[in-house]
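So the number in the working numbering is just where the residue sits in the sequence shown, counting from 1, plus 25.
Think of the hints as simulated: they come from the structure by calculation, not from any bench.
Be careful, since some hints might not be right.
[Claimed, not checked] Distance ranges between label pairs, derived from CB positions:
# : residue 1 : residue 2 : range
1 : Ser99     : Met26     : 32 to 38 Å
2 : Thr155    : Ser88     : 26 to 32 Å
3 : Ser99     : Arg39     : 36 to 42 Å
4 : Ser71     : Arg39     : 32 to 38 Å
5 : Thr129    : Ser93     : 22 to 28 Å
6 : Ser163    : Phe103    : 28 to 34 Å
7 : Lys85     : Gln117    : 28 to 34 Å
8 : Lys139    : Glu33     : 26 to 32 Å
[Unchecked claim] Straight-line Cα separation of at most 30 Å, DSSO-like style, residue types lysine-lysine; simulated pairs:
#  : residue 1 : residue 2
9  : Lys107    : Lys90
10 : Lys90     : Lys176
11 : Lys161    : Lys85
12 : Lys85     : Lys107
13 : Lys139    : Lys40
14 : Lys90     : Lys40
15 : Lys40     : Lys30
16 : Lys90     : Lys30
Computed from a predicted structure; not experimentally measured.
The C-beta atom is built at its ideal place from N, Cα and C for all residues, glycine as well.
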Amino acid sequence: MIVAKLEELGIACRKSVHEPIYTVEAGLEIAGKLDAMPCKCLLLRSRKKEYYMVLLPGNKRLSSKELSECIGCSHLSFASGKELDELLHAKQGTVSPLGLLFDTNNQIQLLIDKEVAESDYFVCHPNDNTCSLRIKTSDMLETYLPAIGKKYLSII
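Using the sequences and the hints, build the whole thing.
Put into structure tokens, the structure is as follows:
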């Protein structure tokens with residue numbers, strides 16, 4: 026369904042099919058082969074069950090304390106497997122901004138690291154960690170997200 030949506034929108038992507046990846050290191054290798062920004066995507070939630078998807082460079086560490094302060098939230102933790110499935114039709118290790126297609130109730134706010142937002146291309150999964158897609162960042166920000174009714178915030 027995700028790849029079909031990309032095709033419907035005329036978004037070109039370069040696809041790499043591979044063994045399931047579970048580590049950032051494996052993702053870095055694949056992104057290198059695709060000549061694009063390696064990314065990691067996390068789904069976090071507040072105590073009030075506000076959800077935040079964070080898209081970061083693959084080698085960047087997330088400070089949840091700094092992020093909490095930046096967005097005015099007292100505490101952030103990882104969303105549960107059940108929440109991943111319900112909100113994004115995803116499992117741990119397959120979270121992707123492309124999965125926002127399934128967030129039909131607009132419960133998730135997308136936060137994109139400035140370095141990712143300013144890159145020419147980035148790599149993400151189509152909610153399946155046996156496949157990686159190289160996508161033009163401007164296509165994601167200017168075509169895909171508006172088409173599925175999503176906005177994003179760029180973070181530092």
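Hints, one by one, checked against the model:
A beta carbon spacing of about 35 Å between Ser99 and Met26 agrees with the range 32 to 38 Å that was offered as a hint. At roughly 30 Å, the beta-carbon separation of Thr155 and Ser88 lies within the given 26 to 32 Å, and the hint holds. Taken as a hint, the range 36 to 42 Å holds for the pair Ser99 and Arg39, whose Cβ atoms sit roughly 41 Å apart. A hinted range of 32 to 38 Å for the beta carbons of Ser71 and Arg39 is consistent with their spacing of about 36 Å.
Look at Thr129 against Ser93: about 27 Å separates their beta carbons, and that is inside 22 to 28 Å. Distance hint check: the CB atoms of Ser163 and Phe103 are about 29 Å apart, consistent with the given range 28 to 34 Å. Judged by the Cβ atoms, the range 28 to 34 Å given for Lys85 and Gln117 is violated: they are separated by roughly 19 Å. As the Cβ distance of Lys139 to Glu33 is approximately 29 Å, the hint placing it in 26 to 32 Å holds.
At roughly 24 Å between alpha-carbon atoms, Lys107 and Lys90 fall within 30 Å of each other, so this suggested pair holds. The straight-line distance between the Cα atoms of Lys90 and Lys176 is roughly 23 Å, inside the 30 Å bound, and the hint therefore holds. Among the hinted pairs, Lys161 with Lys85 is consistent with the structure: their alpha-carbon atoms are about 20 Å apart, no more than 30 Å. At roughly 26 Å between alpha-carbon atoms, Lys85 and Lys107 fall within 30 Å of each other, so this suggested pair holds.
The straight-line distance between the Cα atoms of Lys139 and Lys40 is roughly 24 Å, inside the 30 Å bound, and the hint therefore holds. Between Lys90 and Lys40 the alpha-carbon distance is near 35 Å, which puts this suggested pair outside the 30 Å criterion. Restraint check for Lys40 and Lys30: satisfied, since their Cα atoms lie roughly 15 Å apart, inside the 30 Å limit. For the proposed pair Lys90 and Lys30, the alpha carbon gap of about 35 Å is over 30 Å, so the pair is violated.
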